[in-house]
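Enquirer: The residues making up each chain are set out below.
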Amino acid sequence: MKLPLDPSLWSSVRLVLHVAFFLAVFYLLKELVGLRDLARLRHLPKPKGRFRVALILLGLLFGGLLIYQATWQLTGVYRPQFISFMQLHDRRDFNPAHWIQRGRLLDRNGEALAYTRERNGQVQRVYPDGPVFAPVVGYTQPKFGATGMEAVASVHLNGGEPTSLDDWGELGRQIVARDKRPKGKDLVLTLDAGLQRLAVERLQGRRGAVVLLSPQDGAVRVLASQPAYDPNRIDSSLFLQQDPTAPLLNRATQGLYPPGSTFKIAVAAMALERGFRGTLDCPANGFTTSSGYRRIRDHEYYSARRRGKTWRGYGRIGLAKAFSRSSNVFFAQLGVRYGHDTFYAMTDRMLMNRTLVLHETAYGRFGMRTGELGRIPDSDKYGLAQLSIGQGRLLVTPAYMALMAAAVANQGVAVRPRLIDAAPSAALGRFMSAETARQLSAMMRQVVTQGTARGIDDPRLAIAGKTGTAENPQGDPHSWLVGFAPAERPQLAVAVLVEQGGYGSTVAAPIAHDLLVRAQEIGLIR
Amino acid sequence: MSAKRKAPSRPTTLGEAWALRWPERHLLSICALAIGLGFMMVLGSGYAEGQPFEAMDLTPFLIYGACLAAMHLTLVATRFHGDQILLSSLAFLAGFGLLAQYRMGTLNLSDLTSASLYLFPAGIALMLAACLALMRGRYERLKDGLWIWAGLSLLLVAALLALGQRYRGGVYGAGLITPTELLKVTVVLYLASFIDRNAKALANWGKGFPRPPLRALLPVGVFWAALTALLLLQRDLGMFVILSVTLLIMLFVGTQRLGYMVLGGLAATAAGYLVLGLFAHGQRRIQAWLSPFDDPTGNSWQILQGLSGMYSGGLWGEGFGEGNPEYTPIAQSDFIYSVIGEELGFVGCVLIVIFFLIFFGRGLGIADQTRSSFGRLVCIGLTTVLATQTFLNLGGVTKFIPLTGITLPFISHGGSSLITSFISLGLLLAISEGAPKAQGSSARKKAPTRPKRATQKQPASKKRPARAAKAD
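These protein sequence lines are chains X and A, in that order.
Here the first sequence is numbered in this note's numbering, starting from 1 and rising by one per residue.
Here the second sequence is numbered in this note's numbering, starting from 1 and rising by one per residue.
So that you can see chain X by itself, here it is in the shape it has in the complex (with noise of 0.2 Å):
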C-alpha cells in the first residue's frame, strides 16, 4: 500500500510523533497522579501507609540505578575508554562517539601539534609535525588506544571535564540539544614548537633527547626524543616489530643512560655543602681504592698516549679547576672522602629513583623517571669512586639532568617540571642550598668560558653548562650537555643527549648552544 507520506518528509514528521509521544506520556503521567484520589479503594480499609519506607527504599534503589545510567548515557565523555570502544566497536551511525570534535593540542604561541578535521564523513586526528612532537603528544586512535598527552587529557580534549560554569552549560546544552557534533576543548601546552623542530633537526637523526625547561616555573618548552613514531601512521607493526631503535620510548622522560662528567654537578654540590675549600692531588697516572681495580684516570692522560706523548697530571687542584676540566680523578677521590652516607643522602635529596608527574588527571599521568641508583655497599670504595664520575651503577634520564641544571639555575630549587600552560608551578623541593648553587653557577660558567665546553662560547649570550662522555657498555661514549643560560639570571636551563654521540663537548654542546641562541632570539631568553 502505498502512504501518502513523501519519505522525504519523514524526519519532520518523526520529530513532531517523537515529540508527540512524550507528551501523550507525560499527560498519562499527570492523569494517572491527578486521577489517584478518585480510584481511591474506598471499599477497604483505610491506607494505614505500613510500606511507605518500603515505596521510598525502592524509589532510592531505582533512583540510583537512573543516575548510574545517566554516567553511561549522558556524560559518557567522561570515561575514555567507553568512548574508545565505541570509537572502534560501535556500528551506529549517530553515535556522537564518531563525531566528537576532540579539542586541539596546541603548543605556547597557539601553533596546532594535533587537531581533527572531518573528511569522508569520516572524523580524523592530524599530527601535522609527524614524529616530531610524538614523545609528549602522542596518538590516540581506537585499536590501540591512546599515549602521551591525548591520553592524559583526553577527557579534556573530548570536552568532558567541565572547570567553570559556562563548561556545564556548555555539556547540558550538547545533552539536551543531541548535539551531532560534540565539540571538545583545546589544551595549550607549554612546548615551543619552533624550538622543538631545531632541536630533531640538529639531532640530525641520530638517536637521543633535547629538554628544555624554564628554572623558575617548570615549563618545559622542548622536549624531544628521536628517533619517533609517527603518530599519523599507528599500526600494529608499530608494536610487534622488535625496532632496535626503539621508537616507541620517551628517551627524555624514560630513557636511562650513564651520566658521566655531568653528575659532577651534584657531587659538586655536595662537597659544597660539605664546605669543601681545599684542593686535591691529581697525578697523572690516577686514582684507584685497592691496587685490584683499573685505575681511574683523566681524559688527558688517554688523549696525550694517543698522541705518542705523556701527560704529567694535573698536581694540586682546587674544585673549580678540576670541575672545569672535567677531572675524574679529582672527582673519585672527592666521593670517596665523604663517604657512601653523604653521597646516598645527596642524591636522595635530589630525588633520585623516583617517577615525577608532569601531568595527571584521574584517566591517566605524564610521569618523567629520574634516574636508577643501585645501593652499593659501604665496603665497596671503587663502586663509589664509579659513582662520584657519574658511571657505575647510576643512570639517569636526559629530563632529570634538565631538572639538576635548573635547580641549580634556581638557586637550589628544583620546580616540578609541567606541560599545561594553564597549570600553576610549583616546588619540587630544595636540591642544594642558595649559596651552593651560586658557587656552582660561577664553576658551570667556567666549564664554557675557560673548561671542556668552551667551543660554545659565544659573546650574544653567557651559557653555563656541564660537558659529559660517558663510557657505556653498547659501544661509543653518549654525549651529553646540560646547563643553562644566561649564567647570571637564568632563563632557561637545557639537557642535551646524543646516544653514541662521542665527545660531549663537540656533539652535545654545540646542539644545546643552538638551541640556547635561537631561544634568546625568540625572546624566550631576554
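Hints should not be assumed to be uniformly reliable.
Unchecked claim - Derived coverage of chain A by chain X (criterion: at least 3 residues anywhere in the stretch with Cβ under 8 Å from a Cβ of chain X; other residues may be distant):
id, region
1, 42-48
2, 360-370
Stated by the list, open to error - One-sided excerpt, in silico: chain A residues whose CB lies under 7 Å from chain X:
id, residue
3, I30
4, L33
5, L37
6, H81
7, Q84
8, M104
9, G105
10, T106
11, F293
12, P296
13, L307
14, L315
15, E318
16, G395
Quick caveat, the hints were computed from the structure, so don't treat them as lab data.
Yeah, the Cβ is synthetic: ideal placement off N, Cα and C, and Gly gets one too.
Please arrange chain A on chain X, whose structure you already have, making use of the hints.
Expert: The following block gives chain A in isolation, referenced to the frame of chain X:
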C-alpha cells in the same frame, strides 16, 4: 466530573460500575493514544526506509486496543471495583512491551497462526480469568493448597530438569519455553500460606539473645533447600535470587522480625561467594561487570554494545524505530531496556521506571489496605518478585549490578515470563477487590457459613471505610 465523583465504591448496577470505572476508561484511552503514536513512529521509520506499508502492520495496535476495550468492558460487566491505577500503569507497560516487540520484529505478522501474536491477548485473558475467579475474597481459598503449591513448585523445576534442553548455560523446556517462570506465583502462594498459618511461631525469636525459631522454620527450610538445589542444577541464578529476596521480605512482613533480613543478608553474602565459585558463567559475568574493558570484544561485548546504544540515544533518543538495536545481541529479551534507552533516550527510560514505580507502589498500597494477612502476604510477595526482577534486569543492562540474564516484566520478549506476570497481576487485582465485608474479623467469630449475599446487597455508603478501619 463532579457527577462521577459520586460514584459508589461498591457498585451494584451496571451504570454504577460504568461510572466508578471512569478513571480507568480515561487512562486506558490515553494509553492507547500514546502507544498509537509509538506505533506510528515505528511504522513511519520503516516506511521511510523503503519498506512497503501493509494493512497487516496495524494488527498489533488493533489487538492492543481491542484487548484494552475488552478488559475494561469485562471488568465493568462483572461490577469489579478493584484497583484502577494498577491496571492503567500495567496497560501502558504492556502496551509498550508490545510496541517494543513489534519494533524488534519478534511479532510474526505474516503468519496468523504464530503464537507471538496471541501472547498479549492470552495474557490479558488469563489475567482477567485469574482476577474473576479469585475476586470477592475467593483468593482466601488458595491458602488451603499449601502443600500443593510446594509440590507444584518442585515438580516444575524437576520436570524441566528431566525434560529440558541446555541452551546458553541454562536449561529450557521445549521451544525455549521456561515453565519455571510459574514458580514466581506458586512459590509466593506457598510462602504466603505457610507464613500466614505459622506467623506466631515464626515471630517467636526467643527472649534475650535473638535467634530464629528453627523448629517453625524447618518445613520452609527443607522446601528451600530442595528448590535451591534444583534451581542451581538448572543454573537459574536469577530465579534463585528473586525467590530468595521474596522469601526474606515475606518472612519479615509476615512476622515483623527484622532479624530475618539481617540473617538473610549474611546468608546471601556467604552463598554469593560459594555460588560464584561453582559457576563459571557467573564468574565471567562478575568479571565483565567489574572491568568491562578487559575483554571488550568477548565477555563484555553485549553489555558494552547496549551501553553504546544508550549513549547514542542520549537524553531524548533517536526515535522509535530509528536506532540500530540489532547491534546488541539478543536485545529483544534481556536487553530491551537498552533499546528503549537508544530510541527514546534517558527521558524514555525515566518514564518507564516511573511507571514501574507506580505499579509497585500500587502493589504495596493494596497490601497496605488488605485486611487478610494471607492476601497481604501474596500482594507483598508478588510485588517483591516483580520489583526484584525489574531491578535485576535494569541494573544488569546499565552495569549497575552484574548481569543475571533476567527478563524485564511485561516488556521483554519471552512468553512464559509475560504470562506469569499477567497471572500475578490478576491475583493482585483480585485481592484489591477486597473480601466481602463480613469476612473480616466479625466473620471469624460468627460462623463458618459466610453471609456473602447479605454484604453484597448492602447499599454503599461513604462512611463505610471509616467504620471498617475501626473494626479492623
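Enquirer: State for each hint whether it applies.
Expert: Going down the list of hints, with the structure as the test:
Counting residues of the region 42-48 of chain A whose C-beta lies closer than 8 Å to any C-beta of chain X gives 4; at least three are required, and the coverage claim holds. Coverage of a stretch by a chain is defined here by at least three residues with a beta carbon nearer than 8 Å to that chain's beta carbons; for the region 360-370 of chain A and chain X the count is 9, and the condition holds. At its closest, the beta carbon of A:I30 sits 4 Å from a beta carbon of chain X; the interface hint therefore holds under the 7 Å criterion. Annotation: interface hint on A:L33 holds; nearest CB of chain X at approximately 5 Å, less than 7 Å.
Interface restraint check for A:L37: the shortest CB-CB distance to chain X comes to about 4 Å, inside 7 Å, so the restraint holds. Taking 7 Å as the C-beta cut-off, the interface hint given for A:H81 holds, the closest approach to chain X being about 6 Å. Proximity of A:Q84 to chain X holds as hinted, the smallest CB-CB distance being about 4 Å (cut-off 7 Å). Checking A:M104 against chain X by beta carbon gives a least distance of about 16 Å; that is not within 7 Å, so the hint is violated.
Annotation: A:G105 was flagged as interfacial toward chain X, and the flag is violated, the nearest CB pair being 18 Å apart, outside 7 Å. The interface hint given for A:T106 is violated, since its Cβ lies 21 Å from the closest Cβ of chain X, which is over the 7 Å cut-off. Restraint check, A:F293 versus chain X: the minimum CB separation of about 4 Å is within 7 Å; hint holds. Annotation: A:P296 was flagged as interfacial toward chain X, and the flag holds, the nearest CB pair being 5 Å apart, inside 7 Å.
A distance limit of 7 Å between C-beta atoms decides the matter here; for A:L307 the minimum to chain X is near 5 Å, and the interface restraint holds. At about 5 Å, the closest approach between the beta carbon of A:L315 and any beta carbon in chain X falls short of 7 Å, and the interface hint on this residue holds. Below 7 Å, beta-carbon pairs count as interface contacts, and A:E318 has one with chain X at about 6 Å; its hint therefore holds. Proximity of A:G395 to chain X holds as hinted, the smallest CB-CB distance being about 6 Å (cut-off 7 Å).
Violated hints, in rising order: 8, 9, 10; the structure is consistent with all others.
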